[in-house]
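Engineer: Sequence:
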Amino acid sequence: ISKYYPPDFDPAKIPKLKLPKDRQYVVRLMAPFNMRCKTCGEYIYKGKKFNARKETVQNEVYLGLPIFRFYIKCTRCLAEITFKTDPENTDYTMEHGATRNFQAEKLLEEEEKRMQKEREEEELNNPMKVLENRTKDSKLEMEVLENLQELKELNQRQANVDFEAMLKQYKEYEEEQKRKEQEEDEQEMKAMLEQAQNRRLLVDSDSDEESAKSCTKPVAKIKPTDILQEPPSKKLKTESWERSVGKLNTKSQLAGLVTVRKQKPGPALANGTENHSTTANTGNCPRGDGMA
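Going by the numbering used here, the sequence shown wraps up at 308, each residue one higher than the last.
There's no promise every hint is true.
[To be verified] For lysine to aspartate or glutamate, the following EDC-like pairs were computed, each having C-alpha atoms within a straight-line distance of at most 20 angstroms: (1) K100 x D38; (2) K187 x E197; (3) K152 x E169; (4) K194 x D178; (5) K62 x E76.
The set of hints was computed from the structure by calculation and includes no laboratory data. Quick caveat, the model's predicted, so the values are computed rather than measured.
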């Protein structure tokens, strides 16, 4: 917009670029149909995007519309695949590098068109052929009506069937099967519990027999006074002088080796303490003459 055009500017004087008619452009497109590469067998699904080269096909025009060719590369082996537009059938046609898949419907339509065209050509020059075709069409129509009537009768027969009752019966059958399974499970559980209880009873009976045997063993009778006669559990601590000098043994067999010297009483206490002295000396060892 903000350019200066001199007063003597003439756009016709600008030289035009001489570009070739079959020049190519890089365009972004999607695969128009499913195809399979002939080189590596890679499947290319419809709608996959490619950076393709586009060119105008020379000497091919349909009703003044140009036909374009596209070059793409396989996504696996980078082999070149080409296809071009088909304005007559509003579709695309494969040229080389791959095979088109899932075109059975297209082939069927083409076959129907071809047969219709042949039939029209025959009817133009042969009136008897027209009559034959009409009789064939009428027979086919009658067959279709008969098949339709059979289908209606079949539907009426099926309409009398109570589907709700069938579903209800099937549900009852399922519930019965579940109930039987639950009963079987409960019976198995009861049997397992009975086995466990029997094992416990056997173990308890064995333990009772062992305890009875242990009770039958003779047990020594314990007197209440035996506690007083029990020796002390802990050994008394020995004094230092006892370790060096020793201690007199208090056993009964050595008690007779020690004697106590008799003390003579005074004349004043001879009469009063005679009995006492005699009782005090009774614990001494007896002599050979029987005197204390």
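Engineer: Can you confirm whether the C-alpha distance between K100 and D38 stays at or below 20 angstroms?
Structural biologist: holds (14 angstroms)
Engineer: For a C-alpha distance cap of 20 angstroms, please report whether K62 and E76 respect it.
Structural biologist: Answer violated: K62 to E76 is near 26 angstroms, above 20 angstroms.
Engineer: Has the given pair, K152 with E169, been kept, meaning a C-alpha gap of at most 20 angstroms?
Structural biologist: Violated - the C-alpha atoms of E169 and K152 are around 26 angstroms apart, more than 20 angstroms.
Engineer: Is K187 within 20 angstroms of E197, Cα to Cα?
Structural biologist: Roughly 15 angstroms between the alpha carbons, so the hint for K187 and E197 holds.
Engineer: Keeping to a limit of 20 angstroms between CA atoms, is the pair of K194 and D178 held or broken?
Structural biologist: violated (25 angstroms)
Figure legend: structure checked against the earlier numbered hints; hints not met, in rising order: 3, 4 and 5.
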